[in-house]
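S.K.: Listed below are the residues making up each chain.
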Amino acid sequence: MLQVNFISHPKRRRRHGRSRHHLLSELPIGEEAIVERVELHGPAGRRLMELGFLPGNRVTASGRAPGGDPLIFGVDGALVALRRETAACLTVRRETPGSD
Amino acid sequence: MSGCDACPSNPLRTGKLVAPARRTVAIVGPPNSGKSTLFNALTGLRQKVANFPGVTVEHRIGRAHLDGDQEVDLIDLPGVYSLSPISEDEQVTHDVLTGAMAGIGRPDAILLVIDSTNLARQFTLAAPVLSLGIPTMVLLNLADELRRRGGVLDTEALAQQIGAPVALVSAARGEGLEAVHEFLTGALAVPRPLELPVVQDLPCCREWAGRVGERASYRAPAPPMWTRRLDGLFLHPVGGPLTLAAMMVLVFQAIFSWAQPLIGAVQWAIESSGNWLGSALPDTALRSLLLEGIWGGVGTVLTFLPQILILFLFITILEDSGYMSRAALIADRTMAKVGLQGKSFIPLLSAHACAVPAILATRTIENRRDRIATILIMPFMTCSARLPVYTLVIAAFLPERPLIGPLLGTRAAALMGLYLLGYLAAFTTARLLKSSVLRSEPTPFVLELPPYRLPTLKTVLLTLWDRARVFLYRAGTIILLATIILWGLAHLPLQDGKAPPLEQSVAGTLGRTIEPLIEPLGFNWKIGVGLISSLAAREVIVSTLGTLYGIEGDPESEGLQAALQRELSLGGAVALLVFFAFAMQCMSTVATVRRETGGWRWPLYQFAYMSALAYFGALAANHLVRLVVG
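So the sequence lines, in the order shown, correspond to chains S and V.
So the first sequence is numbered by my numbering: it starts at 28 and just counts up by one.
So the second sequence is numbered by my numbering: it starts at 243 and just counts up by one.
Hints may be right or wrong, so weigh each one.
[Stated by the list, open to error] In silico EDC-like cross-links for lysine to aspartate or glutamate, where the CA-CA straight-line distance does not exceed 16 Å:
(1) V:K579 - S:D96
(2) V:K579 - V:E683
(3) V:K290 - V:D708
(4) V:K579 - S:E112
(5) V:K740 - V:D525
(6) V:K290 - V:E300
[As the list claims (entries may be wrong)] If you only want the chain S side, here are some residues facing chain V, beta carbon under 10 Å, derived:
(7) G72
(8) L75
(9) L78
(10) N84
Worth flagging that the hints you see were computed from the coordinates, not collected in a lab.
Remember, it's a predicted structure, so these values are computed and weren't measured experimentally.
Just so it is clear, CB atoms sit at the ideal spot from N, CA and C, and this is done for glycine as well.
Just need the whole structure built from these sequences, with the hints factored in.
M.R.: Laid out in structure tokens, this is it:
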């Protein structure tokens, strides 16, 4: 529920900014975070894990496609592109809490 | 993850490679780690390689010659992230490794190719591969790049930990391959393994890989600076799409202007050799076959070789540089609108060369309905066989004028328009399919973006050489055969021992039979003969028209372009282009679609749909042009 609020209400996001849990899709470009949960099941979830989106692993938001979607993440020294909706299935923990 | 420490060790059944008559060695590794490059380096073959994941989708077998007259059969396999396959190309690798692939036994040994610049992730695959119990050598590829970017690794320590020989190699430069030869001849001692994780659990394998890397003092290389800089440009909100558009303009302009001197040279060579042959031979049927049939037909097709090579030069640079994945990324939003995903875009781009390998390349698409939709729209992509037809008709009917200074001329713009017409048809069709019979839940889009790499001159030249050979082979087989048959049909039945007038020949009768059907499109019976013959291959229409006009007139005084101007109205010319943009005149594509979709249902629908679209599209084009031009 909290996660939906992140997307639709920017103001409330700031209020919850102190909470260190974010959706991967909300990670600002250039910032690092640790993967907490992958809420995507079946083959797609496994593929994400195979590419390094594993709980405890570090990811960096490195950029985005010209249209703003898909998003590009640095993980394990490689670049992987995910659509925003897919990235929203992952929760991450920011290293420095409340820095946005 | 504390449970990982409790992972029971899985002792590896090691042993010397026993030496039967010929052993098979499978090359396994994650996508884009350089397996095919290694395969090529060891076998001397030229399996297609490029810088994006998913280039190899089938297994290929090649023979490597070792010291002392030994030989092994190497099996190049599609890249996998794990041994649990999701897509069809990954299934191939799984089947070969488990011995389930018909005709190939379980491999005797494995070469595991890992991208050394990205050990933590790539090495995760080592856990399930090593626990297969097949003697394995780990090759840490791209050693040159690792070094250049300041990464280090202790291969001895790594080998000690995993109980398998390890070597740093650079398959592209041929570095470190002696160790591979030694392993293959069975000379390398195989140390005992220490521990291996439980295979099913991915996080476990991953942690194991990280730990093993740490103990081997792995220092990850610095991030590739050039990749960051180039992505800053190519994925810039404004600069990115602009660069993509500029590159397209450059390709089309190059096809028309850069190719001109080369085309002139090829034309001159064919014409002068034809003239010489004409004066040297007595006036017999053989002379007529050689001049009208082969020189007039096959020779005309050959003049398009320079343009096709320029197209392939660009495709190769796109594929080898790493830009391909970025193009797929930029296209993803458009693809999402028609119900497909960016991953479909990579096969669609390679279809500009030829639809057949592109249809095979769709094996990387996990969702079956997405895959079939991509296969069904594939023949709308302008393949290189359409290029001779397009450039011939455009050059005959459109005078060259600069549009944007010297950057873009009218002819290049028209050619670009035809490519865009192909995209339009493809995307509209995809939209229709994905919102009806092939509707499916959107599959998550996950695409790895490889670092940019400078294409080596050697790979580029070898690719061009291979493409030239394919083109010449086609010209010497299918096009030659079609031309000879056509020449025969144009000279039969004999009247008083002499060839009949062209209109009364078998070819002429055939053309005249379908003439009522194609007349509304603005085509005469000769174009009709060309359309029938182009069912063999698209470019055969060019050789057919070359032969027909050669029989009719004096080929030296009147080129094919002039003949077309006389035979076709402007409406008919545009209709011909539209017809070729939409029609599925390629039997190899039909056969490939049948094989890949597992039956005749889809290729038959596809053929009928595309033919109808071609016919009515051409009809509309002819009437529209006539309405406008009057």
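S.K.: Checking hints one by one. Is S:G72 an interface residue toward chain V, by the C-beta closer than 10 Å rule?
M.R.: S:G72 check passes; min Cβ-Cβ to chain V is 9 Å, inside 10 Å.
S.K.: Is V:K740 close enough to V:D525, meaning Cα to Cα at most 16 Å?
M.R.: 13 Å, holds
S.K.: Within 16 Å, alpha carbon to alpha carbon, are V:K290 and V:E300?
M.R.: 11 Å, holds
S.K.: Tell me if the interface restraint on S:L78 is satisfied: Cβ within less than 10 Å of some Cβ in chain V.
M.R.: Constraint on S:L78 satisfied, holds at 7 Å.
S.K.: Holds or violated: is the Cβ of S:N84 closer than 10 Å to a Cβ in chain V?
M.R.: Hint holds; S:N84 Cβ to chain V Cβ min 8 Å, cut 10 Å.
S.K.: Would the hint on S:L75 be counted as holding, given a Cβ-Cβ threshold of 10 Å to chain V?
M.R.: 6 Å, holds
S.K.: Please verify whether V:K579 and V:E683 have alpha carbons no more than 16 Å apart.
M.R.: This hinted pair holds, its Cα atoms lying about 13 Å apart.
S.K.: Compare the distance between the alpha carbons of V:K290 and V:D708 with 16 Å, and conclude whether the hinted pair is satisfied.
M.R.: Status holds; Cα separation ~10 Å.
S.K.: Run the distance test for V:K579 versus S:E112: straight-line Cα separation, threshold 16 Å.
M.R.: Holds. V:K579 to S:E112 sits at ~14 Å (cutoff 16 Å).
S.K.: Compare the distance between the alpha carbons of V:K579 and S:D96 with 16 Å, and conclude whether the hinted pair is satisfied.
M.R.: Between V:K579 and S:D96 the Cα gap is close to 13 Å, so the pair holds against 16 Å.
The earlier numbered hints are all upheld by this structure, with none contradicted.
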